[in-house]
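S.K.: As a plain string of letters, each chain reads:
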Amino acid sequence: MFRVTRRYRFAASHRLHSPQLSEEDNRRVYGKCSHPYGHGHNYVLEVSARGPLDAITGRALDPAALDRLVERHVLAPFDRRNLNVEAPVFAGAVPTSENLAVEIGRRLTEGWSEEFPGEWPRLDRVRVAETANNMFEIGADEIR
Amino acid sequence: MVITRRVEFSASHVCRIPRLSDEENGRLFGPEANPHGHGHNYVVEVSVAGEPDAVTGMVMDLKELKEILTREIVEPYDHRFLNYEVRPFDRVVPTVENIARDIWERLDAGLRGAGRQLHSVRVYETPDLFVDYCGEPPCSA
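Going line by line, the protein sequences match chains E and Y. To convert, note that position 79 of the first sequence is 79 in the numbering used here; the numbers rise steadily by one, no gaps. To convert, note that position 129 of the second sequence is 129 in the numbering used here; the numbers rise steadily by one, no gaps.
One chain only, chain E, in its complex shape (with noise of 0.2 Å):
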């Protein structure tokens, strides 16, 4: 069994800051995170699957076939986009990277057969990284 990654860049806003905590302390809690008109952040986002390799072709994932999930239903609404503003499920939670990692895993676990209707691969994991310093990592069987 082979997990093989691969790693997409996107480049996006947000901002956190909650509805259901006062202005001071959305500013306690998310600080600088928090100033209003938002601010940005290069991502990088590695998906991991899981499989046996293809008796054919020795490989465990077709890499161009991930990419065009990836394309379809990570980067083209998450590339160069306010993810506050222009992303429906961030209208009623804030945006913060272990939720962007939830909903990137949600979005990715209801495309996959699109791309990979057989047993496998399967998506074992997604991680976000918000800064080279900031990562966030869920696996696949925590996303419902």
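Keep in mind that the hints were calculated from the coordinates and are not lab data. Computed from a predicted model, the values in this text were never measured in an experiment. C-beta atoms are modelled at their ideal positions from N, C-alpha and C, and glycine is treated no differently. Check each hint, because a few of them may be wrong.
[Said to hold, decoys possible] Covered stretches of chain Y (chain E as the covering partner; in silico rule of three or more C-beta atoms under 8 Å from a C-beta of chain E):
#1 23–30
#2 86–92
#3 97–111
Using the hints, position chain Y against chain E.
M.R.: What follows is chain Y alone, placed relative to chain E:
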């Protein structure tokens, strides 16, 4: 405890299946099927699992691990055309998955020692595409 040593080699390869047409190989492997081959700077991370020795405090002497990796991986793979010069890639497509498995097989027996064993092999074909292999049964996530 898991310790990891990283080594690099540069090699060329082509991913194609001889009995298939150019068109079918192009469909399966894209630009990797270019018959003249192309190269990558491969990066290999080899991880060994074990308990630190009571006297030395080491799972394994990293210098010894470096020597094994140089001998078993870098020397045969570095600056070679894998399909033509490195077995088993005369008959096995040198995908990054197959390279990871070949490296595992080259290292597995030699790294078994008192209280230690090979844990995983990670091979980066590019910074944006890499494979983890832990032998069989499967890697845990």
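S.K.: All hints, please: hold or fail.
M.R.: Results of checking the hints against the structure:
1. 23–30: holds (count 3)
2. 86–92: violated (count 1)
3. 97–111: Contact hint for the region 97–111 of chain Y vs chain E: holds, 4 residues under 8 Å.
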